[in-house]
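A.B. asks: Spelled out from the first residue to the last, the chains are:
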Amino acid sequence: MGLAKRIIPCLDVDKGRVVKGVNFVGIRDAGDPVEIAKRYNDQGADEITFLDITASHEERATTVHMVEAIAEQVFIPLTVGGGIRELVDIRNMLNAGADKVSINSAAVYNPDFVRAAADKFGSQCIVVAIDAKQVADNRWEIFTHGGRKPTGINAVEWAIKMADFGAGEILLTSMDRDGVKTGFDLGVTKAISDAINIPVIASGGVGNLEHLAEGVLKGGADAVLAASIFHFGEYTVLQAKQHMAAAGIEMRLD
Amino acid sequence: MASKICAVIDYGMGNLHSAHGALQTVSPDTQVIVTGDPEVIMKADHVVLPGVGAIRDCMAEIRAQGIDQVVAEVRKTKPLLGICVGLQAMMDRSEENGGVDCMGLFPGQVRYFGDNLVENGERLKVPHMGWNQVQQVVHPLWTGIADNSRFYFVHSYYVDAVNAGQVKGHGQYGVDFAAAMGEDNVFAVQFHPEKSHNAGLALLKNFLSWDGQA
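Residue numbers (this note's numbering), protein chains in the order written: chain X, 1 to 254; chain D, 1 to 214.
The following block holds chain X by itself, in its conformation from the complex (with noise of 0.2 Å):
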């Protein structure tokens, strides 16, 4: 017995709607997000995220309703992430019944942001999201913007720095493999995962179960993100769950 790995699906969710791209573009439709939050949470998923790519502020209104609506029916954690740039837009999810916000962009631009909002709000609902891309051998880099705006930061250095800072847990897409399915990128969850004593969630590029379980056995994450694999029907979340169970993998089961 023990803490068992947690499996996360995620929904990019603009102007109210779950959205799904490649490499951050080609925008496909998958449905409403309290209908698919709910059938993700009967399935056994042990916490939901969702990434808000709406870009203007008025629509973000539409995502404080949508997170209100989904936590009414939804117990299990839910985290909301994309434009948190200030404390008030923590304190406006964390009221709208999110448990976690995910921090990218704000943390790059402002490292203290996230030191002030672990401060306020605790570490546990802080995590930091990392977009990273591989720039050389073993040496992976910071991306903004949706992977289009290169930092020069070094991953690795960055995800220990934002533990230090009181990131309670990271999220850690690679901009490489977001959407291409061709599995994570171990080399980089494996670094952060080794670098930092806070919980990795692996994201970007899962496009079968064995993926998953890659994600944690070779990885050394203590949570995995998908999104596609679920939303279109190809796996549900137990058959992820029980296929990782039968890898050795410790999964909530009841």
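Because the hints were derived from the structure by calculation, they are not lab data. Among the hints, erroneous ones may be present.
One-sided and incomplete, this derived list gives chain D residues near chain X with beta-carbon spacing under 10 Å [claimed, not checked]:
#1 15
#2 21
#3 54
#4 57
#5 122
#6 125
#7 128
#8 166
#9 206
#10 210
#11 211
DEER-style ranges, computed between Cβ atoms [to be verified]:
#12 D:73 to X:245: 32 to 40 Å
#13 D:40 to X:180: 50 to 58 Å
#14 X:234 to D:170: 51 to 59 Å
#15 D:119 to X:135: 31 to 39 Å
Predicted, not measured: the structure shown is a model, and the values here were computed from it. Glycine is no exception: its CB is placed at the ideal position from the N, C-alpha and C atoms.
Given chain X's structure and the hints, the job is docking chain D onto it.
C.D. replies: Just chain D, lined up with the frame of chain X:
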């Protein structure tokens, strides 16, 4: 007959919608009220003490708003459920934030898991975050919930109980820690029942139908 009232104590420490929503879902006939008003809390049939964030801030608010005195009264009279930092606040003292005195309903300390936590040769991350099993000790609040069911935890500090007889659920994470404490009409859990899917909802339902007899 008037419907029963459950007060979820609001002392300004974060979002209580989840606890409120889950309690209301498992018992639509109960009037679940989020409140910091001592009069309303004292009139309630069941009382929930939640808590998130750092213990220093939680205890400061608990004292500033007189919640410690309300809890001391509730403790004598009606079913009381502590959740997460709500449990930790019921212990003698916590190591967090350089050491903070708590309410002392249960003897024992709240300790840091440590940065070098290991179990079966595997390094354990802190916070302890995710779904872990709870080994139950017979208590009415576990009714209908399978032993070793998993609940959702997220914490870096754990309860080290002095009185083993008050430990009503054991968790394992590098150390054997108190996942649940209980004595008379008080029950308190380290995990988040409101975020623990069916097992958590079942525990909340048991609490709302509990008469406080252990």
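A.B. asks: Would you mind marking each hint as holding or not holding in the structure?
C.D. replies: Here's how the hints hold up against the structure:
1. 15: Holds. Min distance 5 Å.
2. 21: holds, 5 Å
3. 54: Holds: closest Cβ of chain X sits about 6 Å from residue 54 (chain D), inside 10 Å.
4. 57: Interface hint status for residue 57 (chain D): holds (9 Å vs cutoff 10 Å).
5. 122: Where the cut-off is 10 Å and the nearest Cβ of chain X is about 8 Å from residue 122 (chain D), the hint holds.
6. 125: holds, 5 Å
7. 128: Residue 128 (chain D) check passes; min Cβ-Cβ to chain X is 7 Å, inside 10 Å.
8. 166: violated, 22 Å
9. 206: violated, 15 Å
10. 210: violated, 20 Å
11. 211: Residue 211 (chain D) check fails; min Cβ-Cβ to chain X is 25 Å, beyond 10 Å.
12. D:73 to X:245: 32 to 40 Å: violated, 47 Å
13. D:40 to X:180: 50 to 58 Å: At roughly 55 Å between Cβ atoms, residue 180 (chain X) and residue 40 (chain D) fall inside 50 to 58 Å, so the hint holds.
14. X:234 to D:170: 51 to 59 Å: Violated, since residue 234 (chain X) and residue 170 (chain D) (Cβ atoms, about 39 Å apart) do not stay within the stated range.
15. D:119 to X:135: 31 to 39 Å: The hinted range 31 to 39 Å holds for residue 119 (chain D) and residue 135 (chain X), with Cβ atoms some 36 Å apart.
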